[in-house]
Amino acid sequence: MQLTVWTYEGPPHIGAMRIATAMEGLHYVLHAPQGDTYADLLFTMIERRAKRPPVTYTTFEARDLGSDTAEIFKSAARGAYERFQPQAMIVGASCTAELIQDDPGGLTKALDLPIPVIALELPSYSKKENWGASETFYRLVRGLATEQPKGAPNRLTRPICNVLGPTALGFRHRDDVREITGLLFQLGIDVNVVAPLGATPHDLTRLPAADFNVSLYPEIADVAVRFLEKEFGQPYTKTIPIGVGATNDFIIEVCGLAGIEVPDLSAFASNMPWWSRSVDSNYLTGKRVFIFGDGTHALAAARVASDELAFTVVGLGCYNREFARPVREAATELGLEALITDDYLEVEAAIERLQPELILGTQMERHIAKRLGIPCAVISAPVHVQDFPARYAPQMGFEGANVLFDTWVHPLIMGLEEHLLGMFREDFEFNDTAGASHLGGHGAADKLSDLASVAAEGGEGVAAVLHWAPEAENELKKIPFFVRGKARRNTEAFARDKHLETITLETLYDAKASYGR
Amino acid sequence: MTQLIPPLATKALSDCAAPPARVVLRERGQREVFCGLTSIMWLHRKMQDAFFLIVGSRTCAHLMQSAAGVMIFAEPRFATAIIEERDLAGMADINEELNKTVARLLERRPEIKLLFLVGSCPSEVIKLDLGRAAERLSMTYTPRVRILNYSGSGIETTFTQGEDACLTAMVPEMPASDAAGLVVVGALADVVEDQFSRIFEALGIGPVHFLPSRKAGMQVPVGSNTKFLLAQPWLRDTARALEARGAVHLPALFPLGAEGTTAWLKAAADAFGVPEERFNAVTEMPRARATRALGRYADTLASKSLFCFPDSQLEIPLARFLSRELGMTLTEVGTPYLHAGHMADELALLPQDVRLSEGQDVDLQLDRCREVRPDITLCGMGLANPLEDEGLTTKWSIELVFTPIQGYEQCGDLAELFARPLIRRTRLAV
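Top line first, the protein sequences correspond to chains U and A. Position one of the first sequence corresponds to residue 1 (this note's numbering), numbered consecutively onward. Position one of the second sequence corresponds to residue 1001 (this note's numbering), numbered consecutively onward.
Treat the hints as calculated values from the structure; they're not laboratory data. Be careful, since some hints might not be right.
[As the list claims (entries may be wrong)] Here are the computed lysine-lysine pairs in the DSSO-like style, where the Cα-Cα straight-line distance is at most 30 Å: (1) U/K477 / U/K370; (2) U/K370 / A/K1113; (3) A/K1127 / U/K74; (4) U/K51 / A/K1395; (5) U/K74 / U/K287; (6) U/K109 / U/K238; (7) U/K498 / U/K478; (8) A/K1100 / A/K1113; (9) A/K1046 / U/K370; (10) U/K370 / A/K1127; (11) A/K1127 / A/K1227; (12) A/K1395 / A/K1046; (13) U/K51 / A/K1304.
[Stated by the list, open to error] Some but not every residue of chain A turned toward chain U, in silico, with C-beta under 8 Å: (14) R1031; (15) S1057; (16) A1081; (17) N1095; (18) L1098; (19) P1122; (20) T1158; (21) M1174; (22) S1177; (23) V1191; (24) V1192.
[Said to hold, decoys possible] Output of the computed footprint for chain A on chain U, the stretches with three or more beta carbons under 8 Å from beta carbons of chain A: (25) 24-36; (26) 222-231; (27) 393-401.
The beta carbon of each residue, even a glycine, is placed where N, CA and C say it ideally should be.
Sequences are here, hints too, so could you generate the full structure?
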């Protein structure tokens, strides 16, 4: 039994819904009690989809348990087929229906519908959303893909690939697909099928016609691309094109798979390298950043943060254990211990301890950041309505790199602004209790310092309450508010270390000398 | 177009001759509704020292964080104990796990005075006896924490019925008292509760208690001299439990709109022998304010047609308010459950030609809605954007349970909730 308030992932049938909702001409009949229909609003409200997800729920009630829930399932499946006329159907159970063991697969088979029906076994009490999406996509691919003549029939000269992994409710999947298919086209590679997003069951039968597969989101596509490699001899990409360096690596990888020459990489333009090298970005150097998300996005963010923005990664982790290994390896390379957990309280504790200057995380970390008054940008699912912007905002490819620069840097105080803050901090009109403008200006300034004191007091269990001498306290106020929390925490830790009861002006500067910036 | 029935005309409506029987369309099929767990969304805000521990699955936890976007509360007063595969292996084990989970929770949250163990679909299906678990845990934690249980499962409860189940579980805990008093039953926003308190005080009715109260420590006494008003239409079992404790239900319209609020207050005033003149004197000003506030929306809403999908059981009182006080035309009014007794006064005021439906087969109901093409459709969040995309104007029903809408001072706000989508449609030019 796990005690939880917020979860990074929903149950596995939500993953199956993300596949079904992404596709056209596919219908999902879900054996589920009344109330499980809440899942529709994820798609209609958070993602603002204008269509209901193609899901029919049986919505059985307690009184049905005594009679015949299997009959309810059969009539729902029959009704869904007649009303929606899908090319194919997936059938399965949510957590409660799993317990009553009605066997949706067997029941639908008995209906003898004239379309392919794929039964899903998604164990709700041990697996989660990403696993459910991955398993569903794999089952569909396995059930529908059929041997095809290789290569595109009418454009024999150009290599052709599939782009696999994007789903409904994915973090910027819509825009990543556009960016990457555009890039592939520029390279001279055609796209056979993008799936599951926008694909029909019929499209999935054509997957084996491609020369290779681009696995855009391993969380979703990994099992399917491995199957396609084994069954149809299609190799697949391992590089995730997030950031300039990774996008260059991706180009080299796909050109290799396509058997074409790697073009001059300098011909592809991204503003990001110059934005990072321009003088204002000096203030980014060494900014302490905490990264948490799904494994793929967290790994990519760590590379971009350290290599392309010169941030210092002080924390790295992911919530999906399936991707723990590469995240652990990347953390070790950065001299860190990876945080692998799906308990947001552990993540919050790590952030409080590390006091980063920027958090790159999910919606969960956005809330933690808000509470702690730390700037934050979202890099991964789980998603929020804000993560579906009206504008084109990919994470992948060269335009994606521009987007990363903007969205990660804007929450920070700009370089020039930082100097001005230092210059005018004594100005009577420049009252720092007004809070930082980029954080909404709601007096967030002192949250960090409050937090630092609380954490320091609670953390050590040292009985001694530290006393700040008035002149030291005044001096502390002259330190810009955005580093004041850290200064206070460091000074108090220093004083505790030296068994000092009172923090004087001397203590403050001794501590500063011993900690550096 | 505002039609205000003078307060005296609504007197003793329930004594009137029964209206002609109505035909109610009863459907069973896919129900696009929340389960009872969802009512924790407002219950946990209302009861400030209570905690709701759902014993359920990852789906329950996911519902709670998705349904209302409540993640802004960094640590809310609810959580889910997620049943895992190894818990399903043996029942002895699962009770032990629950003990540990509760111990961990109460250690983290020492300020909690009342803990609800909330049953879910999976806990009901595996027949996990949360009643016994609550008794067992009570022995450990009394008197520091009271531990109660109820089921908010989707197989037994629809959305607001979760509150009914929760309050029903609280009734046996209420201290017995022979003193006369009034209990207002059903969670109301604090601001509304305070307004009603002031009115009851001015009427000389008292003592007045609210169930649920803001603090678990605030005991609500009950006995044969207790009279109670239902502030919400979804409290069938709670009413029954209170009646079993000797309390007397005061049937009335629900306090939506000026007419509903007046009738609701009047039911209490009559039961407590408040003179007519005093009632009129106390309610005159707020009634006039409500009329003025409603007047602002009369032009927007008059003659507009309304279609209600079933959601909270507020649909019938709302339809009554919108048709009688704002002149809207009712097409279909759907409700998850129709409690003929509690709805008697409301139904008497609905036009005869409205189609009433109970339960749902969502695809068939969507077909009817598309055929009617109402000016505004009241529906859940899963349906709203798809209907907007089809050119229909919608109002999300969940807002009605999160927004203060009861009483005189909220009449204008309630009308505005329906006027805004219509106004938006006339203003947008993209």
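Within 30 Å, alpha carbon to alpha carbon, are A/K1395 and A/K1046? holds (24 Å)
Between U/K74 and U/K287, does the CA-CA distance stay at or below 30 Å? violated (58 Å)
Does the alpha-carbon distance linking U/K370 and A/K1113 stay inside the 30 Å limit? Status holds; Cα separation ~29 Å.
Hinted contact A/R1031 with chain U - closest CB pair below 8 Å: This hint holds: A/R1031 lies near chain U, its Cβ roughly 5 Å from the closest one there, short of 8 Å.
Would the hint linking A/K1127 and A/K1227 be met if the CA-CA limit is 30 Å? violated (36 Å)
Taken at face value, is the distance from the CA of U/K238 to the CA of U/K109 at most 30 Å? Violated. U/K109 to U/K238 sits at ~38 Å, over the 30 Å cutoff.
Should the interface hint for A/V1192 be scored as holding, given a Cβ-Cβ cut-off of 8 Å against chain U? violated (27 Å)
Confirm or reject the coverage of the region 393-401 of chain U by chain A under the rule of 3 or more residues with a beta carbon closer than 8 Å to the chain's beta carbons. violated (count 0)
Report holds or violated for the interface hint on A/M1174, using the least CB-CB distance to chain U and a cut-off of 8 Å. violated (27 Å)
Compare the distance between the alpha carbons of A/K1100 and A/K1113 with 30 Å, and conclude whether the hinted pair is satisfied. Holds, because 18 Å separates the two Cα atoms, which is no more than 30 Å.
Hey, does the A/N1095 contact hint survive, CB to chain U under 8 Å? With a minimum Cβ separation of about 10 Å from chain U (threshold 8 Å), the hint on A/N1095 is violated.
If you take the shortest Cβ to Cβ gap from A/L1098 to chain U, is it below 8 Å? holds (7 Å)
This entry does not satisfy hints 5, 6, 10, 11, 17, 21, 22, 23, 24, 26 and 27, going by the numbered hints stated previously.
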